Every structure is written in C-alpha cells, then in structure tokens.
Amino acid sequence: MMVYEAATDELLWLDESTVEVLRRAEGLLEVAPVALPTGENLLGVNHHFGWPVATMAQGAIVVVFNRAPCHWGRGVGPDAFSTDVAMVRSTDGGATWSSPRDLRAVIAGGAENGAAWSQQLAGTMPKKLPGVRAGMRAIGATQSGAIVLVARSGVFRSEDGGVTWAHFAGAFGEEQLRGPLCNLGPNLVEHPRMGLVVAGHDVESKSCPHTHGRMPTQLWMRWSRDGGRHWEEAVQEMGVDCAPCEPAMLLHDGMLLLVARNHAMQAEDLERGLWHYVQLTSDRGWLPTTPRATNIVATDAKRRHAGTPVPEGFALKPDMGAWTQDTVDVSFNPVTQRVEVVATDRNGEAGAGAGNTGTMQTLGLWSIGLKELWQGSALYRYEGTLLRRLGIAHLEQVDGLHPGGAVIDAARGVQHVFVYAGRSRHGPTGIYRITRSLDTPRLRGVLG
Numbered sequence: 011m012m013v014y015e016a017a018t019d020e021l022l023w024l025d026e027s028t029v030e031v032l033r034r035a036e037g038l039l040e041v042a043p044v045a046l047p048t049g050e051n052l053l054g055v056n057h058h059f060g061w062p063v064a065t066m067a068q069g070a071i072v073v074v075f076n077r078a079p080c081h082w083g084r085g086v087g088p089d090a091f092s093t094d095v096a097m098v099r100s101t102d103g104g105a106t107w108s109s110p111r112d113l114r115a116v117i118a119g120g121a122e123n124g125a126a127w128s129q130q131l132a133g134t135m136p137k138k139l140p141g142v143r144a145g146m147r148a149i150g151a152t153q154s155g156a157i158v159l160v161a162r163s164g165v166f167r168s169e170d171g172g173v174t175w176a177h178f179a180g181a182f183g184e185e186q187l188r189g190p191l192c193n194l195g196p197n198l199v200e201h202p203r204m205g206l207v208v209a210g211h212d213v214e215s216k217s218c219p220h221t222h223g224r225m226p227t228q229l230w231m232r233w234s235r236d237g238g239r240h241w242e243e244a245v246q247e248m249g250v251d252c253a254p255c256e257p258a259m260l261l262h263d264g265m266l267l268l269v270a271r272n273h274a275m276q277a278e279d280l281e282r283g284l285w286h287y288v289q290l291t292s293d294r295g296w297l298p299t300t301p302r303a304t305n306i307v308a309t310d311a312k313r314r315h316a317g318t319p320v321p322e323g324f325a326l327k328p329d330m331g332a333w334t335q336d337t338v339d340v341s342f343n344p345v346t347q348r349v350e351v352v353a354t355d356r357n358g359e360a361g362a363g364a365g366n367t368g369t370m371q372t373l374g375l376w377s378i379g380l381k382e383l384w385q386g387s388a389l390y391r392y393e394g395t396l397l398r399r400l401g402i403a404h405l406e407q408v409d410g411l412h413p414g415g416a417v418i419d420a421a422r423g424v425q426h427v428f429v430y431a432g433r434s435r436h437g438p439t440g441i442y443r444i445t446r447s448l449d450t451p452r453l454r455g456v457l458g
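Numbered according to my numbering, the sequence shown spans residues 11 to 458.
These are calculated hints, taken from the structure and not from any lab test. Check before you lean on any hint, since a few could be wrong.
Unchecked claim - Here are the computed distance ranges between Cβ atoms for each label pair:
id : residue 1 : residue 2 : range
1  : 179       : 385       : 32 to 38 Å
2  : 54        : 389       : 46 to 52 Å
3  : 48        : 369       : 22 to 28 Å
4  : 50        : 101       : 32 to 38 Å
5  : 280       : 249       : 14 to 20 Å
6  : 170       : 249       : 42 to 48 Å
Note that the structure is a prediction, hence the values are computed from the model and not measured. Positions of the beta carbon are idealized from the N, C-alpha and C atoms, including for glycine.
Put together the whole structure using the sequences plus the hints.
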C-alpha cells in the first residue's frame, strides 16, 4: 500500500499528521493491509477481522486472527465461516500475504468443533464453557523453528513455517486444567525449565471486565513440557492494585517481564484522568512476579463519554475508563538493546501529553533499559507516536488498534506490528501491519 492509499483507507481513517509522517519516513515507517474483508476474503457474513497475533519461523511470518460477523452483541449470528483461527502467512517480509485459511480444517471432525466458540460469539456463552480453557490467542516460535498456537479452538502446531498444521485433541482442555477459561496474552514463549508458557486472566469470574465489572486480581500461567500436548497451571494472587488483563510476555536473559492493561481502580490517576499500564517482573524467570505501575498511560474513557449515548447493554461504570488501555506488545530490540513496548491509547494521546482528545486512537512506542529493569524500575521513555487514527465517536468504537503479538525481523532491521481497524463493533474491520525500523533514535526523529 502506497502512502496516498493509506491516506484514503476508510477503515484506517488516519489522522493527517500520521499521513505526513508516512510521507517523510520512507524506510523507517510503513502501513499496509494484511487481510481485508473484501473479494475472496469475504466469506458469509464475516466482515469483522480482529485481534491479530503473529510470530515468525523459518523465514515466514504467520498471523492468526478472528473472522466473525461482529465484535459483540446480538447482530447477525455466526455461520460456517466464522472462526477464531483464520491464518495468513508471508514469505517475503510482509510484502504479500496468502489468502486466509481456517485452521479448524485440521481438527478431527472439522469446523464443527468450533461450535462452543460460535456460541460464545453469539452472546449466549454459558457461565462455564466446556472444552478448551483459552480465549483470544497466544502464538510463538520455538528454538527448533516450530510454531505453536493456543486458541479457543485448541492447540495447533506447525513444523514447517505455517504450511501444514497439527491439532492436539484435548490439549489445554478441562481434563488437563481445572482453572477458569482465560483470555490469553498474545505471546507464547519457550522457557528453559517450564517449556511452552502462556499467560492470561480469568474471564469466567463474575468480576470479569468482559461482563462490565471488575477483573480478578490474579495472574494465570499455563505451561507445557511436551510441545503443547499436555498443560499445567498456576495462579499468582496479586494485590488490590493489580488486575492484569491479557498480559504480553517477554523472557530475556533469565528475566520474566509481563506488561498488561490494568483494570484495578488503583491504576487510575484521578487528577490527570489517566490509567497506568502495569508491569510484572521476576528476576528468577518465573512466579512469583513483582507488580509495579508504569508510566505508560492511556486517557480515561468515561470522562470523554460521560453524558453521551452509549450502546445498548452498556453501563458507564467508574472502571469503564480503563478500557482505553488494551493488549500491548513487549519485545527486546536487538539494535538499541532496550526493551520496547508498543501500547494503545484508544481515546487520546496521553504519551505525548496531549490529554484526552476523545476522538482519536494512537499507538505509542516506549522503551526501557535492561539495567533499569533489573534494578526494579518501571519508568519508560516515550519514543513517539507511531500512528494516529480518527473516528472514535463513542464507547462502541474504541476497540481495535491493539498491537499484541508483533514480530521482530532482525535480519531486515524492522518490527512488524499487527493491528485491526475499522468499525469495531459491527464491522467491517481489517488487519494491518505497521512496519517500523528498529533504529529507534532515527525513527524518533521522524515521529517528532
């Protein structure tokens, strides 16, 4: 996608300042589509593509996302093409992409095994879902080059860069895990002692934010020592000031780092109208972690939207302000040798100190040194705003633009950040990549 096409994309709806940055940032920053709900990609009623996660193995970038009629609510119901594991891959650094493929086709019994997920999508989710104990998706690559995906439809593994896949029947299911269904953070990491590890938060509790209440103050960790076939679990009870949601995870030089949106009311800065993302670290590389409030912030949705119409079924409760945070990406930058976080402000541009704009979504880039992390710091440096998107009129439009599950391509010197954008409740929405240089100081100069 050329810059002038991005400037007129009706789903992206870029702010003019971002268009200008793209025009002068050739080689440092690029925005392009990955999968849009048009042409052969549009199957049945499913024009809502969302929540992408990605990894890279054997020279291929693999992106897995949700394909559905809508985000939430009782609109048009799901059909045979609705899936939580639509997959596309690129073998040329993200320049071109395959057509979406439904990974449920490799499940014994086929796509019919996605019935429980379709029930959840239709808004008829029972209090206790049967089967797989995963919501959303976590993906990662092993040192051997395999790709492992954990999703509502189960655990999938590819040994050839996403060309062929196997599904592990019963993996991550009720017979292995007694804990709640958890929405997973975007990353699956390979741990030297625990094997494959994913992190998540409880979405079955009555205090789950997805029922518009408050989230349990817990961190759930689940791991597999046999490549994804069998799983174990542990939970860390946090304090009242830490309710981590969909935690992004990084394991580097023996340190475990998770960064998450925080739905605890203590994360709100009442004076400035901000919400603080939370950081959890362990220098032992495992539980327990130590939570700390970061200076990575998002503006408060309820201040902007108080007194304005909200969708049917919403109640503008105090903790709804936290929803301007969302799933982040956390990665180690091999060029700068710093840990970097790409984080959303779904209601403004708090990182740049712009306050609550109310009609704009932004992606901010933040970084911290390894030494500071080891010393217990949670103070990040704001590097700049990667993207500004318009069109946020009310609460039902704030979803999207969350960057969890990005890919570092060290050979090309870039990071690919994957987001979805569009009309976030009912659709249409599409999947995009934001490719940025790992030379963060040069990029910062362009971002201004």
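Okay, the hints, checked on the actual structure:
no.	hint	result
1	179 to 385: 32 to 38 Å	46 Å, violated
2	54 to 389: 46 to 52 Å	48 Å, holds
3	48 to 369: 22 to 28 Å	26 Å, holds
4	50 to 101: 32 to 38 Å	19 Å, violated
5	280 to 249: 14 to 20 Å	19 Å, holds
6	170 to 249: 42 to 48 Å	45 Å, holds
Checked against the numbered hints given earlier, this structure breaks hints 1, 4; the rest are met.
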